[in-house]
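All chains should be built: construct the whole structure from the sequences, respecting the hints.
Those sequence lines, one after another, are chains A and B. Just so you know, we're using the working numbering here: the first sequence kicks off at 1 and counts up by one. Just so you know, we're using the working numbering here: the second sequence kicks off at 1001 and counts up by one.
No wet-lab data here; the hints were simulated from the structure. All the given hints hold, so there is nothing to weed out.
Okay, derived cross-link-like pairs now, SDA-like style, lysine to any residue, Cα gap no bigger than 25 Å in a straight line:
#1 B:Lys1011 with B:Thr1074
#2 B:Lys1011 with A:Ile15
#3 A:Lys17 with B:Lys1148
#4 A:Lys17 with B:Asn1104
#5 B:Lys1015 with B:Gln1132
#6 A:Lys17 with B:Asp1010
#7 A:Lys76 with B:Thr1074
#8 B:Lys1076 with A:Arg118
#9 B:Lys1139 with B:Met1075
#10 B:Lys1076 with A:Leu101
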Amino acid sequence: MSENKRVVVVPCSGIGKTYGTVGREAAYELVETLRPDSSEVVALSLLVLGDADTRARVQAAPAITVDGCKLACASKMVTESGGRVAYEANVLDTFRRHRQLKPKGIAELNPEGQELARQMAEELAEAADEILREGEA
Amino acid sequence: MSEFLEATVDKFTFKVATDRLYSDDHLWLRMADGLVSIGLTDYLQQSSGDVAFAEPEAEGTQLAAGDILANIETMKTMLDIPSPLSGVIKTVNPRLEDEPELVNQDPYGEGWLVQLEATDWEAVQKNLLDPQSYYERMKAEAEEEARKL
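Here it is, written out as structure tokens:
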């Protein structure tokens, strides 16, 4: 895959929140393990600060947002930064599909939370593939 | 269309619908056509967080006051919702299985939990709060919680 065929992944920065942690872990799993050549993480905090380089990265590639709650800060900030949200993921929706994986913990997720993050990362990987396929069409 | 009393505490605004009665457990009750609809108040849904699963007891279940009416799992907590009255569950909100977020999005409308045939609605009403009384109680509780933060 060519270097410019990438998605940016913007996870919730809900520091101190279990579901925010699941979202961030899923994003890291995606970009570090599942799709390292076709995805990159963008820090939501930099978008909030209006960092020019970060805004440019978001504007240059389709975005996958990963939100930890209904406030949907990641999705809103991508849009406000001039980016295009190609896929919106929410940890709560993933949890509804995997009820046995009740996440707990913040700094360190319990095993169920870690598995939920892996499951979510798989969903994000499928979404990333689909976005990039559509981009090539 | 319901009208609301509104209390703003810290950064949160809580609504109280004026067309129904309330229990001490932050549930609303409204009688219509012989059935009592029951749901969570705006205060309870906001303070409990996003609902992941909302599971009322099955239709036909006979409940005594205080029996568990529904189990609700949110991002923050598990809630065992006690029935504020005795009776038989006639209808469970069919949308909650696929759309539990309705409890958050529209607590006084589409997010209702059950409709119940009350054993003695006339007697139960005497133990419920009118909207203004509930509003004051809820506001005091919300302010107390805010002070703890």
